[in-house]
Structures are given as structure tokens and as C-alpha cells.
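Sequence order for the protein chains is B and W.
The numbering used here applies: residue 34 is where the first sequence begins, and numbers increase by one.
The numbering used here applies: residue 2 is where the second sequence begins, and numbers increase by one.
Worth double-checking, as some hints may not be accurate.
[Claimed, not checked] With a straight-line cut-off of 30 Å between C-alpha atoms, the simulated DSSO-like cross-links for lysine-lysine are: (1) W:Lys-155 to B:Lys-233; (2) B:Lys-153 to B:Lys-233; (3) B:Lys-157 to W:Lys-75; (4) B:Lys-97 to W:Lys-79; (5) B:Lys-233 to W:Lys-178; (6) B:Lys-233 to B:Lys-202; (7) B:Lys-157 to B:Lys-119; (8) W:Lys-155 to W:Lys-178; (9) W:Lys-155 to B:Lys-97.
[What the hints assert, rightly or not] Estimated spans, in silico, between C-beta atoms of each pair: (10) B:Lys-237 to W:Ser-40: 23 to 31 Å; (11) W:His-78 to B:Asn-118: 31 to 39 Å; (12) W:Glu-214 to B:Lys-237: 43 to 51 Å; (13) B:Lys-202 to W:Glu-37: 24 to 32 Å; (14) B:Ala-235 to W:Ala-153: 29 to 37 Å; (15) W:Ser-120 to B:Gly-160: 55 to 63 Å; (16) W:Gln-57 to B:Leu-205: 52 to 60 Å.
It should be emphasised that the hints constitute simulated quantities derived from the structure, not laboratory data.
In this text, a Cβ means the ideal position worked out from N, Cα and C, and glycines have one as well.
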Amino acid sequence: MLNSLPRIPLIRFWNNHQKSTMLNTTIGACIQFETMPCITTAAQTSPTVEEVRVDMAGMKVESKPVELVTSVGSCVAICLHDSTNKCGGLAHIMLPDSSIFPRENLPFKFADTAVPALAKAVRKISGKEAMLFAKIAGGANMFPNVRNDGLSVGEKNVEAVKTELANCKVKLLGEDVGGSYGRRISFNVNTGIATIRCYKGAVKRI
Amino acid sequence: MSQKDEQIKNKGMKKKGLCRFTCTNSDCVDVGILLELGSIGAGHAATSLSEILQQQVLIDVPKIHNFAVHELPKFYHKHDVPTTAIYMPLVEESECDILLMLEVEEANKIAAIMTMTPSPDELDTPMRQSAIEELANILVGSFLTAISDFTAVKLIPAPPQWIEDSFDAIIDNFLIKQAMISNRALVFDTNFRTMDGAANAILMIFPSPRLQELLIQKSKELCGITEPYEPEIIVPEDAEVNIVGNTNQTN
Chain B
34 MLNSLPRIPL IRFWNNHQKS TMLNTTIGAC IQFETMPCIT TAAQTSPTVE EVRVDMAGMK
94 VESKPVELVT SVGSCVAICL HDSTNKCGGL AHIMLPDSSI FPRENLPFKF ADTAVPALAK
154 AVRKISGKEA MLFAKIAGGA NMFPNVRNDG LSVGEKNVEA VKTELANCKV KLLGEDVGGS
214 YGRRISFNVN TGIATIRCYK GAVKRI
Chain W
2 MSQKDEQIKN KGMKKKGLCR FTCTNSDCVD VGILLELGSI GAGHAATSLS EILQQQVLID
62 VPKIHNFAVH ELPKFYHKHD VPTTAIYMPL VEESECDILL MLEVEEANKI AAIMTMTPSP
122 DELDTPMRQS AIEELANILV GSFLTAISDF TAVKLIPAPP QWIEDSFDAI IDNFLIKQAM
182 ISNRALVFDT NFRTMDGAAN AILMIFPSPR LQELLIQKSK ELCGITEPYE PEIIVPEDAE
242 VNIVGNTNQT N
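Whenever a hint applies, use it, and build me the whole structure from the sequences.
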């Protein structure tokens, strides 16, 4: 529902900055000032591919060639890809362990319940048993100056996801975790490539 | 008969009240008290913002939202909007997260006004950062002073922390913190606008359950309500004599 709403704030923002970024834009690649925020709209990245936003503690699986998009800070985005059947799914988890809230009916909020549920959902739409590959991103510590006892939540999340992936026998192909910045993940379910953009403008493909 | 009618009417009023606070689960009166305290603070904060900017400032009617934690980004619908945020936690016994959020462009405009620079592009990052930190210090400071003066609860903010990132990335850190305590979060939020629409700041407060209790208790003491308030009295149909007794007591 929300994804179908017009993205007015984003587009308006981009237009305001267009003049200043034009100077630094070359064909095919967008190089920006260090302070210039890297915000991408669907039109800017690849106009032919539809973008579907995954909400916090949510999950989407797709077999159509779309890009699943989500933004994470300390949360972790788990992308699962089935390369033989060209489908995949993305889950946005918040917390490492579901045992603190046993009554919560949101499997995609917690790392330990999200991974098996996501793998099951991907296998369900492909209809066949196939090897799944995973890519994860997120788990940042947004305020490194704030005193933390032991591991930050981001690190705990990443660890929990990795253990659970190993339990479910899903191979982890790539990761972009840690740091102290937010990430915008767009996961192409057809190719299995996850494009990660951080706020300062760096782009990474895993 | 008339007693019963009145009670039904009162129940209806209370339900309307609940809708106004956009709150469904919490006790209506408790939320009302928090909202009132917030409104007092927001008024003072708006005054100080107006003094800094030398402009007229409008504020939205403050709201308290009672969300399931994961629904908050969906509600604001600002997923990738670049945001400048200042995080000011309260320390010691009154634990609370306070966030002042502005869109980056608007933050830069305000920083330019504060430093008397003709255009926002001429400012370098450290200067912008310290100007916005100062803004948050003044705004949140006057907000807390007003509440603290009223309730005599000690509220001590830690130094402000500046961050520039996308809206979702900033907010999920705080949502995770809330999610570790409970699956619902009480969020106080108010919106400051200048007349020309240049600045549009969101002040977002996540009070910890302990601080909520403390503020509610102190306010009730001030108002003379020492006993816990019961908003809905369940009345058995055949016990009219008892109803009279009960209502007299509560009145």
C-alpha cells in the first residue's frame, strides 16, 4: 500500500540538488561531493526495474524481476537468492533473539526466527528445493560515542544472523556490515546482486 | 436511571478523548498528563526557537503516539530523506531519548541564519554541526526546564550528538532500544515551522517507562489526585446503591 504512494519528498529533494550535482555528474556514474547526500530515486538508478520497499520487521519474496529496497542502520537486511529459479526475498530484522518476547507474533523482527521463515518462503515461491545464497548488510553502530557495554546491538544482530544462516545451511556470499552509517539496500531478485549505498555516496555491490 | 445515563455519557466522552490522543492502549488520563507536560515544554521551546531565528514560529498541536515499534518508519514515511538529527539522552534516573530531526537542507538554512552567513553553501561542516548542536541545546534545554520547573523532576541532558544520515537509519537505532524494553513505544512528537516554511523540525521523545511513571506521579500530586485514577467503572446492573456511593467518592 505505502509503496504505491508517490515519493514526493524524495523527488523534490533531488530536484533541489540537481543544479549543484550536475557539475559532478558524468554519464553512467554519479560522483558527488563528500557532503552531498546520496539519495537515489527509482528513476535515477534503473528506470525499468520496479522498486518494492520492505518495511521494518517485514519481509518480501518475489519471483518477478523487481528490486527489493530497504534502509537499515543498526538493523540487518538479509537477502536470500535462489539462482537457479531466479527468485529471492529480503527480510529486515531488528533484534537478535526472540526469546525475550515469546508472545510476539512477528517472525521477521528477530534474527533467529526470520532466517528459517525467509528460507521457507523463498522455497515456497520457487516450488523446488534449490541451493540458497545469502547476502547481509547493516548492523551499524550509529552513535559510536555513546557508551556501550560489550557488543553493540548491530554487532549482536550480525552475529545472530550468521549463526542462524549456518544452522539453516545457507551459504553467506557477501556482507557489508558494521561502521557507523546507514545503508540503503536494493536487492535485485533476478540477478541476486545487492547494491548498497551509504549516505556519504559510496556504492558497493555484493 | 439518571446516574446510569450520566455514566454512559461519561464513558462516551472518555472514548472520544482516547481518539484525540491517538492512543488506544494506555490510560487516558496518564497520556493526557504527559501530553500536557509536553505541550508546556513545546511552547517554551518554540519561543526560544523564535528568538534565535528572529522569526515567527508555528507549532503543531503536540501528539502522543502509541505505536507498535516497527510501525514508526511507515508512519513518518520519510525513508531515505537526508536528515540532520541531534540526539540528547537524559541521564541518571530519568532515562529518556530525545531527538531533534530536521531535513539536511533546512538544518543548513537554520545554521546560516544562526551564524549570520548570507548563504548556507558558504558554511563548512564543523560550523554547521556546532550551530545545530547549539540549536538543539537551546530548544531541548528550554523544553526540559519548563517540564522540570513544573513537576520538580530532575531532568539532566547529556551533551548533544550530531548525526547526518537517512531518516530510517537514524531512527532504527532508537526503535531497537525501545523494542528491547517493550513491543510498543510511546512517542511524543511536535513540529516547529517558520512562517515561510524554511524550517520544519520534529522533536521526538521516547520516554522510558520509569520516567513516564515519575512524571505522571508528580503531576498527580500537584493536581491533588493522590489515588490511582480509574477511568471506567464496571457497574453491575442490579447494584444501583453502590454506584451512588462510588461516584460520590470519586467526585
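These are the hints, each one checked on the structure:
no.	hint	verdict
1	W:Lys-155 to B:Lys-233	violated, 39 Å
2	B:Lys-153 to B:Lys-233	violated, 36 Å
3	B:Lys-157 to W:Lys-75	holds, 27 Å
4	B:Lys-97 to W:Lys-79	holds, 26 Å
5	B:Lys-233 to W:Lys-178	holds, 25 Å
6	B:Lys-233 to B:Lys-202	violated, 35 Å
7	B:Lys-157 to B:Lys-119	holds, 13 Å
8	W:Lys-155 to W:Lys-178	holds, 23 Å
9	W:Lys-155 to B:Lys-97	violated, 56 Å
10	B:Lys-237 to W:Ser-40: 23 to 31 Å	violated, 45 Å
11	W:His-78 to B:Asn-118: 31 to 39 Å	holds, 33 Å
12	W:Glu-214 to B:Lys-237: 43 to 51 Å	holds, 45 Å
13	B:Lys-202 to W:Glu-37: 24 to 32 Å	violated, 56 Å
14	B:Ala-235 to W:Ala-153: 29 to 37 Å	violated, 49 Å
15	W:Ser-120 to B:Gly-160: 55 to 63 Å	holds, 59 Å
16	W:Gln-57 to B:Leu-205: 52 to 60 Å	holds, 55 Å
In the structure shown, a violation is registered for the earlier hints numbered 1, 2, 6, 9, 10, 13, 14, in ascending order.
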